[in-house]
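Top line first, the protein sequences correspond to chains V and S. One rule links them: number in my numbering = place in the first sequence (from 1) + 3. Position 247 of the second sequence, counted from 1, bears residue number 238 in my numbering, the numbering being contiguous throughout.
Hints were generated in silico from the structure; no laboratory data involved. Misleading hints may appear alongside valid ones.
Derived lysine-lysine pairs resembling DSS-like cross-links, with alpha carbons at most 25 Å apart [to be verified]:
hint: 1; chain 1: V; residue 1: Lys29; chain 2: V; residue 2: Lys128
hint: 2; chain 1: S; residue 1: Lys7; chain 2: V; residue 2: Lys141
hint: 3; chain 1: V; residue 1: Lys212; chain 2: V; residue 2: Lys16
hint: 4; chain 1: S; residue 1: Lys5; chain 2: V; residue 2: Lys114
hint: 5; chain 1: S; residue 1: Lys274; chain 2: V; residue 2: Lys16
hint: 6; chain 1: V; residue 1: Lys128; chain 2: S; residue 2: Lys5
hint: 7; chain 1: V; residue 1: Lys248; chain 2: V; residue 2: Lys212
hint: 8; chain 1: V; residue 1: Lys70; chain 2: V; residue 2: Lys55
hint: 9; chain 1: V; residue 1: Lys114; chain 2: V; residue 2: Lys175
hint: 10; chain 1: V; residue 1: Lys233; chain 2: V; residue 2: Lys287
hint: 11; chain 1: S; residue 1: Lys161; chain 2: V; residue 2: Lys16
hint: 12; chain 1: S; residue 1: Lys7; chain 2: V; residue 2: Lys55
hint: 13; chain 1: V; residue 1: Lys93; chain 2: S; residue 2: Lys5
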Amino acid sequence: MLMIENLVKKYGKFTAVNELSFEIPKGHIFGFVGPNGVGKTTTIKIIAGLMKPTAGRVLIEGDDITKNRRKVREKVGYMPDFFGVYDNLKVDEYMDFYCAANRIDVSGRKKIIADLLELVDLSQKRESYVDSLSRGMKQRLCLARSLVHDPAVLILDEPASGLDPRARIEMKEILKALQSMGKTILISSHILPELSELSTSIGIIENGKMVVTGSVQDIMLQTSNKRLLKIEVIDGVETAIKILKEQPAVSEVIRNIDNIEFGIEGDGHTVSDILTELVKNNVKVIYFGERQKNLEDAFMRITKGEEANEA
Amino acid sequence: MKLSVNPVLEKEAKIKMRSWRAPALLSVYLLFLSGLVILYFVSRNLDGYYSNFDPRTALNIYTMLSFFQLGLLIFIIPGLTSAAISGERERQTLDLLLCTRLSSWSVVIGKLTASLSHVMLLIAASIPVFSIVFLYGGISPLDVISVFLFQIVTAFLVGSIGIFFSSLFKRTAVATIVTYTVLLMLVVGTIAGYVFYAVTRHRLLGWYPSFWESLSILSVNPFIGLGALLEKQTGHFGFVSEMLRRHSTNVPHYIEDLPWMINIGFNIVLSVVLLLLSAWLIKPGRR
Ligand SMILES: Nc1ncnc2c1ncn2[C@@H]1O[C@H](COP(=O)(O)OP(=O)(O)O)[C@@H](O)[C@H]1O
Ligand SMILES: [Mg+2]
């Protein structure tokens, strides 16, 4: 559906996007993750047709949209990371303006506007002035605006940044609804947990390059085949750490304030042997369990790896 | 084919008419124009000159009002246009606009027509003030309409200059300052430059610029153009033709019409060039 091929963007001598490639199948929500300044916005602006790539292609349903501006405008809905609204314009007039700008017939506009405002839960605000809306409402309105021409692809640059938790949940609900309508969605973020629940696949970008792509589970598998265990003890912390460090299957023992975390390679027997060993040595274990790995671990591991390679 | 209004024009009109600025501008504008007429009558009374029916009164007021209106418009229009594009950029709405199916040319034209409509509103509102001259006779409605049309063409150029700098510069403040500077050069600079050139040349070479030279330098000035038009209409005040004739021999007799015709042609050609450049400047994906 949306295919990015060897995309390069240089600002003068600085390479912001470097041979970036990835693909988003139809109906998927792709989380585009990476720390600040790695080239997410640049990539998104190229997809939205607001910037010309130095090299590479962006294909939507096989058409190279960097060559065909008309296609971008028809197929892509874009919500920028920062955007403004006009003073002295009401919500439905705001929507009507963007309908008109997208050459939608006057006769069709009413229904489109009503449906979209319903989708983003702003039907009650039709008559309000746009600049009086809260930040979250403006965000939802801008999302509705990017949908007036019923684009197949929706690209959202940091849609959750600056929103309170409640507004984020609302945004998530809307995106899920859009996914069920068959839209192909790309969302960027520099915060991983935001995307791990929502995305069907994720790509982690660093310094203009894609480091890993895949489903959330894939990425966790790719980044590590270890299990993470967590124990809490009320007595014998030092002994526990000493024992853990002696085990060949254990690695990365981390002492936290009230618990100890470590990685382990092996099956259930290995895990159970370690617990036995601890108890035999009079360590008072009150908790012993597997810690759910989340994407943040993967993220930290990947970005750390990169730095190590460079050094 | 269905006729549809440029969406940018429609939006601008809506926003403009809702803000307090539009009525405020209109009131101040009319206050200035009618103030000028009142001042004219007051000063004549102070001179102790009582003649209620002097046909020259009409011609004087008409000439004065026409020049003054042109000056006011040239002063006001940069305020209406130099934020046209840079304002959208500062407000972070430009990208949203450029992502739609509107071409950058439609955006530029929408912005321009919005400010020209505003100008036409001001001109239309000045009709009651202008109609004073009809009380005296000597000036026909057609004359007034020609002057208005001339002023609209000037507004077209001034608006295009504002939009061009608004597209070129990121910040509205910079665009505004540069626009006023260019207008000052167009209005004062052409005359001052011409005088300097003529005097220097006379001193060094012993002769003044030729008629055609004078004509081509001076005719880009909107006030010279309007002056020529008014001279033709009123048959009085020959300052434009005099200035052109003064130091030149062999002046053709159709001279009265040349300055305003050249001015109109110059305004239209330069405006179109500036608008095309503006559209090119804001074209998405250019960089
Ligand atoms: N117009 C520009 N000119 C020069 N450098 C830029 C420009 N825009 C972005 N950059 C640089 O390119 C890099 C990538 O920026 P960006 O795409 O905004 O990253 P992200 O969205 O991932 O935070 C950054 O280092 C940024 O400073
Ligand atoms: Mg960004």
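Results for each hint:
1. Of the pairs offered as hints, the one joining V:Lys29 and V:Lys128 is violated, with about 32 Å between alpha carbons and a cut-off of 25 Å exceeded.
2. Between S:Lys7 and V:Lys141, the direct Cα distance comes to roughly 22 Å. Compliance with the 25 Å bound is thereby established for this hinted pair.
3. Proximity of V:Lys212 to V:Lys16 is assessed by CA-CA distance (about 17 Å); at most 25 Å being required, the pair is judged to hold.
4. In summary, the hint linking S:Lys5 to V:Lys114 is supported, as the alpha carbons are separated by about 22 Å, within the 25 Å threshold.
5. Taken as a hint, the S:Lys274 and V:Lys16 pair is honoured in the structure, with Cα atoms around 23 Å apart against an allowance of 25 Å.
6. Using a Cα cut-off of 25 Å, the hinted pair V:Lys128 and S:Lys5 holds, with the two alpha carbons roughly 19 Å apart.
7. Taking the CA atoms of V:Lys248 and V:Lys212, the gap is about 36 Å. The hint is violated against a cut of 25 Å.
8. Distance restraint check for V:Lys70 and V:Lys55: the Cα-Cα separation of roughly 9 Å lies within the 25 Å cut-off, and the hinted pair is therefore satisfied.
9. For the suggested pair V:Lys114 and V:Lys175, the alpha carbons sit about 24 Å apart, so the restraint of at most 25 Å is met.
10. Distance restraint check for V:Lys233 and V:Lys287: the Cα-Cα separation of roughly 14 Å lies within the 25 Å cut-off, and the hinted pair is therefore satisfied.
11. Between S:Lys161 and V:Lys16 the alpha-carbon distance is near 23 Å, which keeps this suggested pair within the 25 Å criterion.
12. Distance hint between S:Lys7 and V:Lys55 is unfulfilled; the C-alpha atoms sit about 34 Å from each other, more than 25 Å.
13. With a CA separation close to 10 Å, the supplied pair V:Lys93 and S:Lys5 stays within the 25 Å bound.
The structure fails hints 1, 7, 12 (numbered hints given earlier, in ascending order).
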